[in-house]
Amino acid sequence: MKIKRTTKDTIAGYLFLLPALLAFVIFIAEPLLAAIFLSTTEYNIIHPYNFTGLKNFEQFLQDERLSQIYWNTFKFVIILVPMHMIFGLMLALGVSRVISKTGKYIYRTIFYFPVLVTTAAVAIAWQFMYDFDFGVINYFLNSLGFESIYWLTSPYWVYLSVAIFSLWKFVGTAFLYYVIGLQNIPSTLYEAAEIDGANRIQTFFRITLPLLTPTIFFVLVTTLIGATQIFDEPYLITGGGPLDASRTISLYIYEIAFQYHAMGYASLVAISLFLIILLITILQFSLGKRWVYYDQE
Amino acid sequence: MTKNKLNTRKPIYITHSLLIFFSAFIMLPFMWIISTSLRQAKDSFSLPPAFFPTTFEFGNYLEVFQEVPFLAFITNSIKVSGIIVIGHIFISSMAAYAFSRIKFPGRNLLFVIFLSGLMIPGQVTIISQFILMSKLQLVDTHSALILPALINPLGIFLIRQMMMTISDSYEEAAFMDGANRFWVFMKVILPMSMPAVAVTSVMTFIMHWNDFFRPLIFLNSYEKMTLPLGMTVLTGAFGQGNLSAILAAVTLSLIAPLLIYIFGQKYLIEGISLGGLKG
Amino acid sequence: MKKVLILCLIVILSIALAGCGNGNEQSTNGSSAPKNTNNKATGNEKQVELTLAFPGDDGKKELLEKLLETFYEENPNIKVNILYVASEGWGDYFNKLQTMVAGGKAPDVVRVAIEGIEMFVQQDLALALDEYMDANPEVIGDYSDIHPKLQDPFVIDGKTYGFAWDWNNVVMHFNTDMLKAANLPVPSKDWTKDDFIEYAQALTSEKDGKKTYGFAIPNYYFGASAWLFNNEASVLNEEMTTSKLDDPNAIEVMQLFQDLIYKYKVSPVPNPNTDMINQLMAGQVGMISAGKWPFGSYMKNDFTAIDVQFLPTLKTNKVIFGVGAFPVMKSTKHPEESYKLTAFLSGPLSQTNVLSSDSIPARISVMTEVLPKTPATNWAIYAESADIAKAVESPTEYAAIAAVFDRYMSAILSNQMDAATAMKKAKGEIDAILKK
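Residue numbers (the numbering used here), protein chains in the order written: chain A, 69 to 365; chain B, 4 to 282; chain C, 9 to 444.
I should point out that these hints are in silico values taken from the structure, not numbers from a laboratory. Quick caveat: nothing in here was measured; it's all calculated off a predicted structure. Glycine is no exception: its CB is placed at the ideal position from the N, C-alpha and C atoms. Heads up, some of the hints might be wrong.
What the hints assert, rightly or not - Derived PhoX-like pairs (lysine-lysine); straight-line CA-CA distance at most 25 Å:
| # | chain 1 | residue 1 | chain 2 | residue 2 |
| --- | --- | --- | --- | --- |
| 1 | C | 218 | B | 45 |
| 2 | C | 167 | C | 341 |
| 3 | C | 443 | A | 123 |
Said to hold, decoys possible - Short derived list, chain A residues pointing at chain C, Cβ under 7 Å:
| # | residue |
| --- | --- |
| 4 | 168 |
| 5 | 200 |
| 6 | 201 |
| 7 | 221 |
Stated by the list, open to error - Covered stretches of chain B (in silico footprint by chain A; criterion: 3 or more residues with CB under 8 Å from a CB of chain A, positions within the stretch not fixed):
| # | segment |
| --- | --- |
| 8 | 21 to 35 |
| 9 | 98 to 109 |
| 10 | 227 to 237 |
| 11 | 247 to 258 |
One chain only, chain A, in its complex shape:
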């Protein structure tokens, strides 16, 4: 009886799994392995590939633009991740203090709506807002007495331009995660704290923050992985420019693969990105064990 059931189960299990397994192999596993193989070739799709061994790797080490581009990506991550995490948290805490339910609902709607909107569409609008001579933002700076800023054409300001847009568009995600995280903290703890005479700051650091660490960890991991891969925002707002000032690694891979059609080299750069993300994530998980507080009931 038992033996019969298990074989039947095995077959059933694999059959249910079959479509997903097939799709996984064709669209995730094979491409990964293919990328590793491609990185040792020169291939432009039109003509058959050439096996070139470590030549791409040599190019990788000598690529002058690459170090600049990695550095840019790093700069973006340093700016975007803390920004999203801190603002998201501030907004979530703020909304949690709002007493009226409608007020809460309105704020939540407003802050989360941009997340749903088509990035390409609003990015185009923002690009016009950032126009040096005729854009809205400089207009306001001027009316307040400040000089116009070269939002899209200064290698320093482009980071801020992309960052502000990113904040406007995506802070809702972190915000919402925090809102839910805050909701999961039992109110009994807050009541107990009030009875014990704790003030705002003590409550925050002793109760809210520790119990929020799983959420913070989750937001940190996802935001970090997302930030290393950003493509849409720089592509649509600055196009990577001026020169390479706002070019992220994803933009560069796109350029190599789909404008120069150098599939081999592009694969190598893509794999380097993958390894970096892998490394960062492993680091985060091992460090996370130290500071994330899980429910120890």
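Take the given structure of chain A and dock chains B and C to it, following the hints.
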């Protein structure tokens, strides 16, 4: 007691100022977009900028449909996202069922492998997917967008979470009545997993509705384009200075997400809860 | 169990089918027609479908389709599907075409500009048309009517790959309302660099918070090359084996561009979406360097305060030109019909009807007929330049090289680097590309 009262007044002002300020930050660009879209073309760049509509040139909206196949952009997006959601739900829920309710050798290992797929950045897989689609002559078709999107380990994970909470007794009862696995899946487990399925559907739909990167790579001709890609093309087409028309298109593109938000808000929040915060 | 399997297959199949629903028509009907069929179609010929690739934003859609009606009358067995390829500039367009070839979906006939013809020929993608020309000479009409200088780029190693259809150059456009307001006449054809700077300064002003600038920098390969040529400089050397951007003459031009923005302050900083044609029409900028293509927009917007003149003489005055044609792809399954299409598209009827405003026809007869209708007093400069113009540099690696050039130009125009540093780096990158 008095101490608490004093403590609570100042922070509330700060809190509300912060919230209002940030709300303005979010809302102003939208107001600018809508108001400018209603201006006459030749005034579209004029300063001072508009935040409240003073003119009502609805003709700009018509122009959007005339200048580029905007309607096609929208229907393409609906079609692609729709088919992806349907296909994805079927494939993921079947896989989730296997992972959660059938015991078979290699189950846990396979599940971990699936999840690790989430770690692989799109830039790595897209190159080979593109080559594959080229060889299959599927470049510039919707299939190229749909097929790779059918597998999403996150969907499998979410639905599995839900399925794991269903008590065994339902299935056992059905088996004793002679039903086979597939019937149990379709008629018992899947309906009971509807919340997770709904959530995954909404999240998947939005993700693909807004996808810019993959259509950029796979689609070439206007008639096939989805909305995000179409928006960039539109800017080129209106390059001869009609910012109002461009912003009219942007405004139009806000409608679908707005609708999704109104009807799907509940599911989105549930999805995030289910997803990852419980450790 | 069986049910599960069948269901899975059905799901996958139906998704695949639904997605593939919008199949692209590739010409699959009939085999290639034999070489010596005569021109007029007989009732016995099989129906053939050709795909014509066109850059999407060329704005000639209705005119083209109307024109093709005449083609269908003469060739009832051929149907043409126009594929509009969305792209940003010629480099991007050529990349997309290459992608299509790689994806097995190469069009039969493609609109191409001189910037891409080397690449198509070197990559062995273009079909030599000579044997079809010998078999069916009537289709082309008077071959010598095509201006020889303009046709020349399409004859490579003695083989003909296309027939020149339209061409464009770079001249200076003026908003004549702004000129009048500054009490300036349209300059004469030998105006100098100093004259130019004076004009730019006179046209720059700020009234009631409304800024106007004298000149919009041509921040694109074709436009900037025109200025390089006028200073005895160029992007590449004659043999196209190395870059000459580090030549002092080249650096001088690029530095001038930077100075126009930051020193003389007569030019706006170009933003990614800046459209200088619109800036001219809106009176935000007084002068722009462009060819004939803005006239399409001028007419569409009823903008008549326009006149043109040759670019100012720097060290010399060589007008740049670029020319377009419709090469046939080697992979076509219908070479004979494709040849007929390309010849027709470059023919006098096509040029007269489709190229009315924003390009210059390549056939001498049509040029003399159409150019005088240009709504600018100085229209003659377009006709004069055909004989003296110098072709834009179009190496095989045009897309990559233009991208490098544009990138470094953006660095210069955004004041990130001085011209000398930028151009030296550009040369380095371009040389690396040429070596491959």
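If any of the earlier hints don't hold here, list their numbers in rising order. Those not satisfied come down to hint 4.
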